[in-house]
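Chains as they are written, first to last, in my numbering: chain V, 1 to 293; chain Z, 1 to 260.
Per the computed footprint, the stretches of chain V lying under chain Z, defined by three or more beta-carbons under 8 Å from a beta-carbon of chain Z, are:
{"#": "1", "region": "208-217"}
{"#": "2", "region": "236-249"}
Here are the simulated distance ranges between beta carbons:
{"#": "3", "chain 1": "V", "residue 1": "Ala-283", "chain 2": "Z", "residue 2": "Asp-150", "range": "25 to 35 Å"}
{"#": "4", "chain 1": "Z", "residue 1": "Thr-185", "chain 2": "V", "residue 2": "Arg-125", "range": "20 to 30 Å"}
{"#": "5", "chain 1": "V", "residue 1": "Thr-166", "chain 2": "Z", "residue 2": "Asn-96", "range": "33 to 43 Å"}
{"#": "6", "chain 1": "V", "residue 1": "Ala-283", "chain 2": "Z", "residue 2": "Lys-74", "range": "29 to 39 Å"}
{"#": "7", "chain 1": "Z", "residue 1": "Gly-213", "chain 2": "V", "residue 2": "Asp-104", "range": "17 to 27 Å"}
{"#": "8", "chain 1": "V", "residue 1": "Arg-271", "chain 2": "Z", "residue 2": "Thr-126", "range": "49 to 59 Å"}
{"#": "9", "chain 1": "Z", "residue 1": "Asp-133", "chain 2": "V", "residue 2": "Gly-87", "range": "40 to 50 Å"}
{"#": "10", "chain 1": "V", "residue 1": "Leu-115", "chain 2": "Z", "residue 2": "Pro-84", "range": "48 to 58 Å"}
{"#": "11", "chain 1": "V", "residue 1": "Leu-115", "chain 2": "Z", "residue 2": "Gly-124", "range": "33 to 43 Å"}
These are computed hints drawn from the structure, not numbers from a lab.
Note that the structure is predicted; figures quoted are calculated from it, not measured.
Cβ coordinates follow ideal geometry from the N, Cα and C atoms, glycine included.
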Amino acid sequence: MASGGAVTRRTFVVTGAAALLSARAPRGARSVTAREVVGRIQAHVGVPWREKTVDGFKAGDPDTAVTGIATTVMATLDVLHQAAAAGRNLIVTHEPTFQGGADDAGPRGSDPVYLAKQAYINEHRLVIWRFAHHWLARRPAEFTRALGTALGWAAGRDPANERLYTVPATTVAGVAAHIRTHLQIRGGIRLVGRADAPVRRIVLSPGTTDLASTVANLRDADLLVSGEPREWEVVEYVADTAAAGTPRALIAIGRVVSEEPGMRACATWLRTVVAGVPVQAIATGDPYWRPAV
Amino acid sequence: MTARELVARIQEKVAAEGIAWRAETRDTFKAGDPSTVVRGVATTGMATFDVLKRAAAADANFVVTHEPTFYNDKDLTDGLETDPTYVAKQRYIAANGLVIWRFHDHAHALRPDPLIAGSVRALGWTQYATPGDPRLYVMPSTTLRALAADVARRLNDHGLRVVGDPDMRVSRIALGPGYGIPPLTADIDVAIGGEAAEAGGNAEYAMDAAAAGRPRGMIVLGHLMSEDYGMQEIADWLHTFLSDVPIRFIPAGEPFSNVQ
Numbered sequence: 001m002a003s004g005g006a007v008t009r010r011t012f013v014v015t016g017a018a019a020l021l022s023a024r025a026p027r028g029a030r031s032v033t034a035r036e037v038v039g040r041i042q043a044h045v046g047v048p049w050r051e052k053t054v055d056g057f058k059a060g061d062p063d064t065a066v067t068g069i070a071t072t073v074m075a076t077l078d079v080l081h082q083a084a085a086a087g088r089n090l091i092v093t094h095e096p097t098f099q100g101g102a103d104d105a106g107p108r109g110s111d112p113v114y115l116a117k118q119a120y121i122n123e124h125r126l127v128i129w130r131f132a133h134h135w136l137a138r139r140p141a142e143f144t145r146a147l148g149t150a151l152g153w154a155a156g157r158d159p160a161n162e163r164l165y166t167v168p169a170t171t172v173a174g175v176a177a178h179i180r181t182h183l184q185i186r187g188g189i190r191l192v193g194r195a196d197a198p199v200r201r202i203v204l205s206p207g208t209t210d211l212a213s214t215v216a217n218l219r220d221a222d223l224l225v226s227g228e229p230r231e232w233e234v235v236e237y238v239a240d241t242a243a244a245g246t247p248r249a250l251i252a253i254g255r256v257v258s259e260e261p262g263m264r265a266c267a268t269w270l271r272t273v274v275a276g277v278p279v280q281a282i283a284t285g286d287p288y289w290r291p292a293v
Numbered sequence: 001m002t003a004r005e006l007v008a009r010i011q012e013k014v015a016a017e018g019i020a021w022r023a024e025t026r027d028t029f030k031a032g033d034p035s036t037v038v039r040g041v042a043t044t045g046m047a048t049f050d051v052l053k054r055a056a057a058a059d060a061n062f063v064v065t066h067e068p069t070f071y072n073d074k075d076l077t078d079g080l081e082t083d084p085t086y087v088a089k090q091r092y093i094a095a096n097g098l099v100i101w102r103f104h105d106h107a108h109a110l111r112p113d114p115l116i117a118g119s120v121r122a123l124g125w126t127q128y129a130t131p132g133d134p135r136l137y138v139m140p141s142t143t144l145r146a147l148a149a150d151v152a153r154r155l156n157d158h159g160l161r162v163v164g165d166p167d168m169r170v171s172r173i174a175l176g177p178g179y180g181i182p183p184l185t186a187d188i189d190v191a192i193g194g195e196a197a198e199a200g201g202n203a204e205y206a207m208d209a210a211a212a213g214r215p216r217g218m219i220v221l222g223h224l225m226s227e228d229y230g231m232q233e234i235a236d237w238l239h240t241f242l243s244d245v246p247i248r249f250i251p252a253g254e255p256f257s258n259v260q
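Sequences are here, hints too, so could you generate the full structure?
Now the structure itself:
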């Protein structure tokens, strides 16, 4: 009965979605709203929903009929342009949308860039929903697993520690070159330690990287691949470890770049949760570039 | 003069500048015995293990650091007690009779902020300063690409990263120290500083601004590339009232190298 019901619903919703591309649903037509999509996510995410969380609607009307879903690391205006052009009016974002950590406009409330973004969202009837805490809370860890898979290292994943990977013998520079060919990096790779140091074991730490997990994991590894390490924390620790005579290295690839595979995995997962609505991942892209000196 | 007495002299000088010593502050002893007699002073952006080795070799046993010694803002050592890196660093400090003291909060309170002044001097931008706004620098119009390349050359900065349209014209620059990159607004073209979260701030603003047809830029120097030069200013400042002990600047240097 469950599967039969799902097929019926899927067929119905696809028909409805096609009619809804203009976002003007005929009254009475069955479709799924953004609020209902979020309800399905909450029911299937597999971790208890927190009372206090950054996850929630950040812009748009939650009762909007969903014509398509776009997942992304960061709902930049460029990502919103791509989503609107593709008819994906529900944007599921990992990072904040309004240029502040709490998605609070703060002093930017009258800023022309902030206002242009809000106007675009309203004009195209987009809905933005943030999915950070709960996507991060899933186990196995989605971002780490997806980054390891994107780098082609899935076979070397340590069964006892999901952040630890064993790779064919290489060097720090070899790993950096490998990362460049597997991830969409424009300018973000930075290296701490010796480029010619041998590497067999790697700790993956997408997003931000905290000291405690680094201290614990780096004992068993040669190299830390991090999204956004802080210079007065993990960067100093790795440099000091090398200076203390224990060869360790760090490759920083950028927070957004490190999180893109995890939000592609989120799109794949959403297809299993929300039937009948097209879901795609839209890359935010590496924010950084380097000048030629 | 002991390290404790030297710090008291610094505190007197800060008070003479009209700055009250804060009850809660990062500016405290981090390692070593404050009763140690000071043979030499080294200022640095960060008391890394490598900096400590150079300080000991130069017989500068009192290290004035701007950034943490033990890998977190409060220099908390919980969880590090058995870590081999931490233990090796503490042993080196003890074996060489070093004393480490942090000078951060009250250094930034000096006017002009020496941490910004050091960058401005290294960049050669003194003539672009704006009276009344210590963060604003107005220079002849150029492109973001050309500005970024010039900054990287002048600071010898290999890990410098840029957000924004490389061909946008820039003239009005907001310069902040360390993690304090000024927020981008409609009134400035490019914000420059040491280190910033990639989400929830200037990076997103610069990307949104480009898509909205109002290009803005951000240049991220690296934390030490932004503040190390300022600790030369601190060494110069210490010279003005500490004549009885050798004082030198030991650059922590950029921790990153660029790999292609």
